[in-house]
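Undergrad: Chains X and E are the protein sequences, given in the same order.
For the first sequence, the working numbering gives the first residue as 2, with consecutive numbering after it.
For the second sequence, the working numbering gives the first residue as 2, with consecutive numbering after it.
Worth flagging that the hints you see were computed from the coordinates, not collected in a lab.
Be careful, since some hints might not be right.
A pair counts as met if it fits within one copy or between any two copies, since identical chains are not told apart.
[Said to hold, decoys possible] Calculated lysine-lysine pairs in the BS3-like style (CA-CA distance at most 27 Å, straight line):
#: 1; residue 1: Lys21; residue 2: Lys115
#: 2; residue 1: Lys87; residue 2: Lys37
#: 3; residue 1: Lys115; residue 2: Lys87
#: 4; residue 1: Lys21; residue 2: Lys84
#: 5; residue 1: Lys37; residue 2: Lys110
Number of protein chains: 2
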Amino acid sequence: MSELVQRLRSTVRSIPDFPKPGILFRDFTPVLLDGKLVDDSLKALWAPFDGQVDIIAGIESRGFILGASIAVQRHMPFVPMRKPGKLPGETYQVSYALEYGNDALEVHKDAIPKGARVLIVDDLLATGGTAAASARLVEQAGGEVVGLGFLIELAHLGGRAQLGDHRIESLLIYE
Amino acid sequence: MSELVQRLRSTVRSIPDFPKPGILFRDFTPVLLDGKLVDDSLKALWAPFDGQVDIIAGIESRGFILGASIAVQRHMPFVPMRKPGKLPGETYQVSYALEYGNDALEVHKDAIPKGARVLIVDDLLATGGTAAASARLVEQAGGEVVGLGFLIELAHLGGRAQLGDHRIESLLIYE
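The following block holds chain X by itself, in its conformation from the complex:
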């Protein structure tokens, strides 16, 4: 395990029974209190995609924190993908199934130029439903998904299998 992964593993906090009994929640907010660890993590997330990206897209709302931060470091455009009804302009929308019911993500129609190479960023890859929807949304908007970057992956939930051939980079993986 790399030194960065060890630092992440000792900083991410595990909270039992949140948001409901039986779930062990991996809380990345303590990482955000360590500016050096954030900087090192963002650089590691970025490295595999360096030179291949035109736009960073982040998934509401924790993905805004990491995605916008990478965009600022790289002086690159940032596109927020939001829950329905939050973006004021014309949007594309992709719906996806949750454990109970459905949810959706939207992106502004004019945010992603045709053919733009997009890196999608979120804090956590779990079952992959939201991540897969975000990739479909980028493609619906005319962009090309270069890959998806996560700070944490819960591998036992099988999210990668929902993401087809997309390149996935996760820094801290719980088996």
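Assemble the complex: chain X is given as a structure, and chain E must be docked to it using the hints.
TA: Relative to the frame of chain X, chain E by itself:
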């Protein structure tokens, strides 16, 4: 008007009747597509507080975009202030009145050390209800509010009057 303010004014998009009839919504997402403009804006927001801040706090969810970005630029801790039920650890909570009903913000109890100097960041100062709640929340957590920074201020809504003696910096002000 400074050159930066002119660039912001020509980039922020005004969308009528969103989220409801009669409201002219100021949409900052086009700013996020211009990496240079974001960089210049974050530096201008930061400058008045340089050397006086220990922690950046951002208000969910658009405040995450700007707040986390400043924190990363300054290698400084970032603390998300979230809607109720989103933060998994023990939290402080402050409620505030909306036009119809109430809402609340939460922060992790261990996120802000006693006496830490906190800069609160959000995209927009409107009526000031959320901003005032965020300042009370920082104080409840034991921090000192150094000031509040906004990309946009809707001055006619009187938000400043809700924020007492707190220092407020807004880049683009609509009278």
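Undergrad: With reference to the structure, classify each hint as holding or not holding.
TA: Going down the list of hints, with the structure as the test:
no.	hint	in the structure
1	Lys21 <-> Lys115	neither (41 Å within a copy, 31 Å between copies)
2	Lys87 <-> Lys37	between (32 Å within a copy, 25 Å between copies)
3	Lys115 <-> Lys87	within (23 Å within a copy, 35 Å between copies)
4	Lys21 <-> Lys84	both (22 Å within a copy, 17 Å between copies)
5	Lys37 <-> Lys110	between (36 Å within a copy, 22 Å between copies)
Against the hints set out earlier in the document, a violation occurs for number 1 only.
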